[in-house]
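Engineer: For reference, the chains in residue letters:
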Amino acid sequence: NAGVTQTPKFQVLKTGQSMTLQCAQDMNHEYMSWYRQDPGMGLRLIHYSVGAGITDQGEVPNGYNVSRSTTEDFPLRLLSAAPSQTSVYFCASSYLGSIGEQFFGPGTRLTVL
Amino acid sequence: GQQVMQIPQYQHVQEGEDFTTYCNSSTTLSNIQWYKQRPGGHPVFLIQLVKSGEVKKQKRLTFQFGEAKKNSSLHITATQTTDVGTYFCAGARNSGAGSYQLTFGKGTKLSVIP
Chain A
-11 NAGVTQTPKF QVLKTGQSMT LQCAQDMNHE YMSWYRQDPG MGLRLIHYSV
39 GAGITDQGEV PNGYNVSRST TEDFPLRLLS AAPSQTSVYF CASSYLGSIG
89 EQFFGPGTRL TVL
Chain B
16 GQQVMQIPQY QHVQEGEDFT TYCNSSTTLS NIQWYKQRPG GHPVFLIQLV
66 KSGEVKKQKR LTFQFGEAKK NSSLHITATQ TTDVGTYFCA GARNSGAGSY
116 QLTFGKGTKL SVIP
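Note that the protein sequences, when read in sequence, are chains A and B.
First residue of the first sequence: -11, per this note's numbering; consecutive thereafter.
First residue of the second sequence: 16, per this note's numbering; consecutive thereafter.
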């Protein structure tokens, strides 16, 4: 099993550009989530999904959209990138939802100029 | 909202010294999870504590969950250079209707001086 995969690993955007961060898992986990990690701020939840067709906001959802059309995929969209969105983004999945062990992907390092 | 405070933010130790990081929640937790993130890597699950007063050990690592289920600690005995990284606690709280909210602490970054 590949576990949780994320693409791209690195990305540089200009302010106002849009892009999609990809996340996929092959463990048949219903629960998936997106976090951003900034220095000294720990991991902050952006959006999460408890299953295909169901998404909800986390702690810092502004500026991000998500969708969940399949169990495997959970893309994160930045519609109009801002420098404040420069961060490392981690996707995670779990068999037992937020109460269970979270399996993290390798992360995407995003820089917005 | 729920807050999970973790201290210290940084810890520098000589190899062979012990290390402890502490986690405190403003609310009672259903469980607490611990993760380790190596430099440049992603968080990796270490353990989960569920019961009040629970203590679990993994080799040189000892994890404790407080009696009130609001605090936890991770203690590493005789640190090694392989212990370098950032240790995060994450508290799961029942947010109603069968759902849970997981909140991460800001982490403790451990440096080990050989």
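Hints were generated in silico from the structure; no laboratory data involved.
These numbers come from a predicted model, not from an experiment.
Virtual Cβ for every residue (Gly too), placed ideally from N, Cα, C.
Hints are supplied without guarantee of correctness; some may be wrong.
Pairs of lysine-lysine, DSSO-like flavour, derived with a Cα cap of 30 Å [claimed, not checked]: (1) B:K74 x B:K85; (2) B:K121 x B:K72; (3) A:K(-3) x B:K74; (4) A:K(-3) x B:K71; (5) B:K121 x B:K71; (6) B:K72 x A:K(-3); (7) B:K74 x A:K2; (8) B:K71 x B:K85; (9) B:K51 x B:K121; (10) B:K85 x B:K51; (11) B:K124 x B:K74; (12) B:K51 x B:K72.
One-sided and incomplete, this derived list gives chain B residues near chain A with beta-carbon spacing under 7 Å [claimed, not checked]: (13) F60; (14) A112; (15) G113; (16) Y115; (17) L117; (18) F119; (19) K121; (20) G122; (21) S126; (22) P129.
Engineer: For every hint, state whether the structure bears it out.
Structural biologist: A quick look at each hint next to the structure:
Restraint check: the Cα-Cα separation between K74 (chain B) and K85 (chain B) comes to about 25 Å, which is no more than 30 Å; the hinted pair holds. For the proposed pair K121 (chain B) and K72 (chain B), the alpha carbon gap of about 23 Å is at most 30 Å, so the pair holds. Restraint check: the Cα-Cα separation between K(-3) (chain A) and K74 (chain B) comes to about 33 Å, which exceeds 30 Å; the hinted pair is violated. Between K(-3) (chain A) and K71 (chain B) the alpha-carbon distance is near 35 Å, which puts this suggested pair outside the 30 Å criterion.
Of the pairs offered as hints, the one joining K121 (chain B) and K71 (chain B) holds, with about 22 Å between alpha carbons and a cut-off of 30 Å not exceeded. For the suggested pair K72 (chain B) and K(-3) (chain A), the alpha carbons sit about 34 Å apart, so the restraint of at most 30 Å is broken. Restraint check for K74 (chain B) and K2 (chain A): the C-alpha separation of about 47 Å exceeds 30 Å, so the hint is violated. Note on K71 (chain B) and K85 (chain B): the hinted pairing holds, with a Cα-Cα distance of about 17 Å set against a maximum of 30 Å.
Proposed proximity of K51 (chain B) and K121 (chain B) is supported: the alpha carbons are some 12 Å apart, at most 30 Å. Restraint check: the Cα-Cα separation between K85 (chain B) and K51 (chain B) comes to about 20 Å, which is no more than 30 Å; the hinted pair holds. Distance restraint check for K124 (chain B) and K74 (chain B): the Cα-Cα separation of roughly 20 Å lies within the 30 Å cut-off, and the hinted pair is therefore satisfied. For the given pair, K51 (chain B) sits about 15 Å from K72 (chain B) by alpha-carbon distance, which is consistent with the 30 Å threshold.
Hint status for F60 (chain B): holds, given a least beta-carbon distance of 5 Å to chain A, under 7 Å. Interface restraint check: A112 (chain B) against chain A, minimum CB-CB distance 12 Å, threshold 7 Å, status violated. Below 7 Å, beta-carbon pairs count as interface contacts, and G113 (chain B) has none with chain A, the closest being about 9 Å; its hint is therefore violated. Because the closest C-beta pair between Y115 (chain B) and chain A is about 4 Å apart, less than 7 Å, the hint holds.
Taken as an interface hint, L117 (chain B) checks out: its beta carbon lies about 4 Å from the nearest beta carbon of chain A, inside 7 Å. Contact between F119 (chain B) and chain A, as hinted, is supported at the beta carbon level, the nearest pair being about 4 Å apart and thus within 7 Å. A distance limit of 7 Å between C-beta atoms decides the matter here; for K121 (chain B) the minimum to chain A is near 4 Å, and the interface restraint holds. At a threshold of 7 Å, the smallest CB-CB gap from G122 (chain B) to chain A is about 5 Å, leaving the interface hint in force.
A hinted interface residue such as S126 (chain B) counts as satisfied when its beta carbon comes closer than 7 Å to some beta carbon of chain A; here the least separation is about 15 Å, so the hint is violated. Evaluation of the P129 (chain B) hint against chain A yields a violated restraint, the C-beta minimum of about 25 Å exceeding 7 Å.
Going through the hint list in order, the structure does not satisfy hints 3, 4, 6, 7, 14, 15, 21 and 22.
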